[in-house]
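S.K.: Model the full structure from these sequences, guided by the hints.
Protein chains: 2
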Amino acid sequence: MSRPDAALARLAATRDDQLARLDALLRIPSISADPERRGDVHAAAEWVRDELLALGMERADVRPSNGQPAVMGEWLSAGPDRPTVLVYAHFDVQPVDPLGLWTAPPFEPSIRDGRIYARGASDDKGQLMIHLAALRALFEADGRLPLNIRVFVEGEEEVGSPSLEAFLDANRPDLVADLAVVSDGSMFAEGVPSVGYGVRGLVYLEVTVRGPRQDLHSGIYGGGAPNPIHALARMLASLHEPAGRVAVPGFYDRVRPISDEERRRLAGLDFDESAYRAQVGAPDLAGELGFPLVERLWTRPTLDVNGIDGGFAGEGAKTIIPALARAKLSARLVPDQDPLDIAGLIEAALRAAAPSSVAVEVRVLGRAPAALVALDHPAVGIAAEALEATWDRPPVYQRGGGTIPAVGGLSDRLGLPTLMLGFGLPTSNAHAPDEWLLLDNFVRGTEAVVRLWHRLGAG
Amino acid sequence: MSRPDAALARLAATRDDQLARLDALLRIPSISADPERRGDVHAAAEWVRDELLALGMERADVRPSNGQPAVMGEWLSAGPDRPTVLVYAHFDVQPVDPLGLWTAPPFEPSIRDGRIYARGASDDKGQLMIHLAALRALFEADGRLPLNIRVFVEGEEEVGSPSLEAFLDANRPDLVADLAVVSDGSMFAEGVPSVGYGVRGLVYLEVTVRGPRQDLHSGIYGGGAPNPIHALARMLASLHEPAGRVAVPGFYDRVRPISDEERRRLAGLDFDESAYRAQVGAPDLAGELGFPLVERLWTRPTLDVNGIDGGFAGEGAKTIIPALARAKLSARLVPDQDPLDIAGLIEAALRAAAPSSVAVEVRVLGRAPAALVALDHPAVGIAAEALEATWDRPPVYQRGGGTIPAVGGLSDRLGLPTLMLGFGLPTSNAHAPDEWLLLDNFVRGTEAVVRLWHRLGAG
Numbered sequence: 001m002s003r004p005d006a007a008l009a010r011l012a013a014t015r016d017d018q019l020a021r022l023d024a025l026l027r028i029p030s031i032s033a034d035p036e037r038r039g040d041v042h043a044a045a046e047w048v049r050d051e052l053l054a055l056g057m058e059r060a061d062v063r064p065s066n067g068q069p070a071v072m073g074e075w076l077s078a079g080p081d082r083p084t085v086l087v088y089a090h091f092d093v094q095p096v097d098p099l100g101l102w103t104a105p106p107f108e109p110s111i112r113d114g115r116i117y118a119r120g121a122s123d124d125k126g127q128l129m130i131h132l133a134a135l136r137a138l139f140e141a142d143g144r145l146p147l148n149i150r151v152f153v154e155g156e157e158e159v160g161s162p163s164l165e166a167f168l169d170a171n172r173p174d175l176v177a178d179l180a181v182v183s184d185g186s187m188f189a190e191g192v193p194s195v196g197y198g199v200r201g202l203v204y205l206e207v208t209v210r211g212p213r214q215d216l217h218s219g220i221y222g223g224g225a226p227n228p229i230h231a232l233a234r235m236l237a238s239l240h241e242p243a244g245r246v247a248v249p250g251f252y253d254r255v256r257p258i259s260d261e262e263r264r265r266l267a268g269l270d271f272d273e274s275a276y277r278a279q280v281g282a283p284d285l286a287g288e289l290g291f292p293l294v295e296r297l298w299t300r301p302t303l304d305v306n307g308i309d310g311g312f313a314g315e316g317a318k319t320i321i322p323a324l325a326r327a328k329l330s331a332r333l334v335p336d337q338d339p340l341d342i343a344g345l346i347e348a349a350l351r352a353a354a355p356s357s358v359a360v361e362v363r364v365l366g367r368a369p370a371a372l373v374a375l376d377h378p379a380v381g382i383a384a385e386a387l388e389a390t391w392d393r394p395p396v397y398q399r400g401g402g403t404i405p406a407v408g409g410l411s412d413r414l415g416l417p418t419l420m421l422g423f424g425l426p427t428s429n430a431h432a433p434d435e436w437l438l439l440d441n442f443v444r445g446t447e448a449v450v451r452l453w454h455r456l457g458a459g
Numbered sequence: 001m002s003r004p005d006a007a008l009a010r011l012a013a014t015r016d017d018q019l020a021r022l023d024a025l026l027r028i029p030s031i032s033a034d035p036e037r038r039g040d041v042h043a044a045a046e047w048v049r050d051e052l053l054a055l056g057m058e059r060a061d062v063r064p065s066n067g068q069p070a071v072m073g074e075w076l077s078a079g080p081d082r083p084t085v086l087v088y089a090h091f092d093v094q095p096v097d098p099l100g101l102w103t104a105p106p107f108e109p110s111i112r113d114g115r116i117y118a119r120g121a122s123d124d125k126g127q128l129m130i131h132l133a134a135l136r137a138l139f140e141a142d143g144r145l146p147l148n149i150r151v152f153v154e155g156e157e158e159v160g161s162p163s164l165e166a167f168l169d170a171n172r173p174d175l176v177a178d179l180a181v182v183s184d185g186s187m188f189a190e191g192v193p194s195v196g197y198g199v200r201g202l203v204y205l206e207v208t209v210r211g212p213r214q215d216l217h218s219g220i221y222g223g224g225a226p227n228p229i230h231a232l233a234r235m236l237a238s239l240h241e242p243a244g245r246v247a248v249p250g251f252y253d254r255v256r257p258i259s260d261e262e263r264r265r266l267a268g269l270d271f272d273e274s275a276y277r278a279q280v281g282a283p284d285l286a287g288e289l290g291f292p293l294v295e296r297l298w299t300r301p302t303l304d305v306n307g308i309d310g311g312f313a314g315e316g317a318k319t320i321i322p323a324l325a326r327a328k329l330s331a332r333l334v335p336d337q338d339p340l341d342i343a344g345l346i347e348a349a350l351r352a353a354a355p356s357s358v359a360v361e362v363r364v365l366g367r368a369p370a371a372l373v374a375l376d377h378p379a380v381g382i383a384a385e386a387l388e389a390t391w392d393r394p395p396v397y398q399r400g401g402g403t404i405p406a407v408g409g410l411s412d413r414l415g416l417p418t419l420m421l422g423f424g425l426p427t428s429n430a431h432a433p434d435e436w437l438l439l440d441n442f443v444r445g446t447e448a449v450v451r452l453w454h455r456l457g458a459g
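Chains as they are written, first to last, in our numbering: chain S, 1 to 459; chain V, 1 to 459.
The hints are simulated quantities; they were obtained by calculation from the structure and are not laboratory data. Be aware that one or more of the hints could be misleading.
With a Cα cut of at most 25 Å, we get these calculated SDA-like pairs of lysine to any residue [stated by the list, open to error]:
| id | chain 1 | residue 1 | chain 2 | residue 2 |
| --- | --- | --- | --- | --- |
| 1 | S | K318 | V | A78 |
| 2 | V | K318 | V | R213 |
| 3 | V | K318 | S | E288 |
Small disclaimer: the values here were computed from a predicted structure and weren't measured.
M.R.: Here's what the structure looks like:
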């Protein structure tokens with residue numbers, strides 16, 4: 001087995017250089033949600049392409065999508081007997097509002113108290129640069145990589161990856177791999193290395209309920225005209241049992257139960273429920289109360305109304321029966337729920353609860369499948385070894401409650417077993433002011449990746 | 001019995017003068033909802049006071065309230081053996097938006113096709129000027145009035161009469177009367193004179209439901225954090241039975257049933273239900289389906305959600321569990337429901353349906369009692385005679401579904417039997433562009449009022 005020692009030594013000898021490159025990328029304000037930053041998103045794509053070529057990849061290019069461009073790179077000279085890994089990260093960042101709450105300007109990186117502060121430090125430029133630094137060290141130390149690497153760096157993750165599916169379909173030949181590694185998340189806690197083996201999927205719906213042709217005077221028409229808010233309230237109330245379980249017929253039919261082993265493992269996690277309660281800050285928690293909280297958050301599907309409006313919501317009183325009411329709702333999905341199947345079930349439940357006096361319209365606004373890699377996949381154990389060798393403790397195995405479209409896409413659409421190696425922390429202000437990345441996580445992250453590629457290449 | 005003939009002749013001889021005075025008042029843009037029109041509201045008050053003094057009243061003055069000023073006038077020289085009638089109207093008007101939909105500028109009155117077009121033509125300056133023209137003709141023809149008259153002209157009806165109760169209490173000695181006549185509404189249909197004998201009351205509530213301390217990511221927190229929109233939907237859905245009856249315990253307890261005679265009378269009205277359905281324009285009607293539509297609209301209480309909001313309601317998708325959700329709701333009340341009692345019942349029902357994971361806050365934003373005058377009150381028959389003598393057909397007896405705070409105030413707070421003699425029409429665009437008053441209704445209205453005062457004075 002090839003040894004990572006030379007690359008690890010090279011990493012240790014070039015820390016300033018690695019941080020300077022990260023600093024350069026962090027200075028590009030590549031906010032994908034802001035049309036005025038379109039040029040900066042392109043500049044970030046070109047920066048990443050140039051870096052991939054400079055560090056030693058055989059090919060790298062900026063590729064257009066229906067939305068923001070992506071960067072693809074590859075080095076496939078390890079030979080057909082070595083595995084191919086697809087690395088995923090993204091170079092676009094969240095908006096920076098409210099700007100006044102930043103201690104320092106978001107695109108002028110600074111290191112304070114062992115943390116790198118900047119927009120994108122943790123999500124996801126810092127994690128992208130962990131991978132690129134590892135690749136550079138490997139090339140510089142060994143002149144080659146211990147396995148075949150493809151790199152896919154997205155430019156519209158922060159706006160929900162709207163063009164992802166089409167991009168994956170259009171670039172399928174260059175995405176062939178044995179394994180995908182996604183670095184766009186967090187470790188379970190500081191000092192606790194983590195293997196992420198699943199994310200929940202999503203389907204997002206908008207329901208519009210129409211009653212009268214126009215807003216009506218509630219005195220003159222009250223008692224005759226149907227009220228679409230009443231109808232919508234009844235429809236939404238029908239979606240859950242009072243205790244919190246989703247009441248949509250068929251909703252749980254395809255939920256794959258977790259194994260006893262996984263249940264034990266999740267129960268063994270040091271999940272701080274009282275801290276979680278304090279963070280939520282509500283009178284009580286909710287959800288499927290028969291399941292432990294960690295299982296509810298990671299392994300059970302949910303259905304949440306994300307927004308509602310209708311009629312008069314300003315200050316004071318206005319006496320109308322509104323013409324329409326509208327709600328946005330989304331389900332978080334687990335294997336093997338199909339997003340469009342679930343959308344159909346929710347729509348059927350909504351229609352079943354609607355009175356005949358209103359018209360109902362349901363639209364699907366977005367969807368992404370859940371993803372889960374089997375814990376007995378060989379790569380899981382190898383990743384665990386690489387992390388343990390780096391942090392001097394075994395990793396925890398975590399799933400996520402959120403949805404990373406790329407994970408669903410790589411896993412479901414391309415059929416790749418997909419591991420999540422996140423090097424952020426849950427507290428790192430990923431979408432908030434003063435985003436940061438622990439410097440120690442950057443350092444150990446590069447080491448863990450070098451070890452992982454060597455171990456996978458030897459496997 | 002004194003005869004109205006001289007005053008009727010005087011009315012006929014001075015039509016141009018009457019319309020010129022109406023024109024002058026209509027030109028004052030006294031929009032009470034617009035803070036920038038405060039001066040115009042005051043100008044309208046002074047115009048009305050001056051007109052009352054000029055036409056012959058013994059006293060008239062502009063009186064401050066906690067909000068907009070009112071005008072009070074009186075002529076009490078008919079003697080203590082003659083009845084005293086309190087006439088109510090208002091000189092403030094609705095806003096004019098959308099201005100672009102007016103055929104002619106809203107404060108430049110024009111007569112087209114037998115209609116007077118202007119903001120306030122029907123609601124309520126035209127009806128106010130019917131009364132003032134009748135008083136002027138009586139004074140000019142007879143040198144006196146056949147009964148004692150007090151006039152109360154409000155300046156904030158179009159913003160819900162927020163200072164009315166305090167004003168009534170503060171001016172109680174000058175509001176003593178045997179009967180109130182309110183002209184601020186419509187006849188049942190064109191050519192159909194109408195005696196209004198009741199209006200519904202109102203109580204308006206705002207309910208706020210709080211869950212998490214702040215909006216949360218629905219992926220990371222979905223399955224753990226309570227969703228205040230779910231709670232609010234459940235609470236609102238609990239307020240009605242599926243078929244439309246209000247399900248709030250105790251809501252109907254104090255509803256005074258209507259008599260068989262009133263039921264027959266309402267059934268005999270030529271109420272055009274198919275036109276009503278077309279106006280509403282919804283797939284079907286709603287309400288307490290066991291009752292005929294007219295009874296539902298006029299004699300039965302209702303509970304309508306007037307507005308709702310919570311979470312993300314913009315374009316596209318945002319995956320949050322919101323911190324709060326809010327609804328505005330109002331009940332239309334009938335005798336003998338007490339507004340604050342009903343508010344308490346609704347609040348109790350909302351709280352009973354709320355899960356323990358959220359906090360609920362309920363505020364009362366407004367209230368007005370229902371009003372109803374007994375159909376066997378002598379004034380009802382006398383008004384009917386005056387209307388029949390004017391329109392050559394007997395009037396219909398109607399109640400209203402809406403709420404006129406002054407009717408509730410005069411009836412409930414001052415204990416005055418209160419008749420509604422409306423000279424607008426349901427189609428006269430009272431709160432819309434191109435508001436109009438039928439010229440024929442103005443003419444006959446003045447005649448009917450002259451006849452009414454003579455008949456009441458003789459009674």
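S.K.: Now, for every hint given, state plainly whether the structure supports it.
M.R.: A quick look at each hint next to the structure:
no. : hint             : verdict
1   : S:K318 to V:A78  : violated (43 Å)
2   : V:K318 to V:R213 : holds (18 Å)
3   : V:K318 to S:E288 : holds (23 Å)
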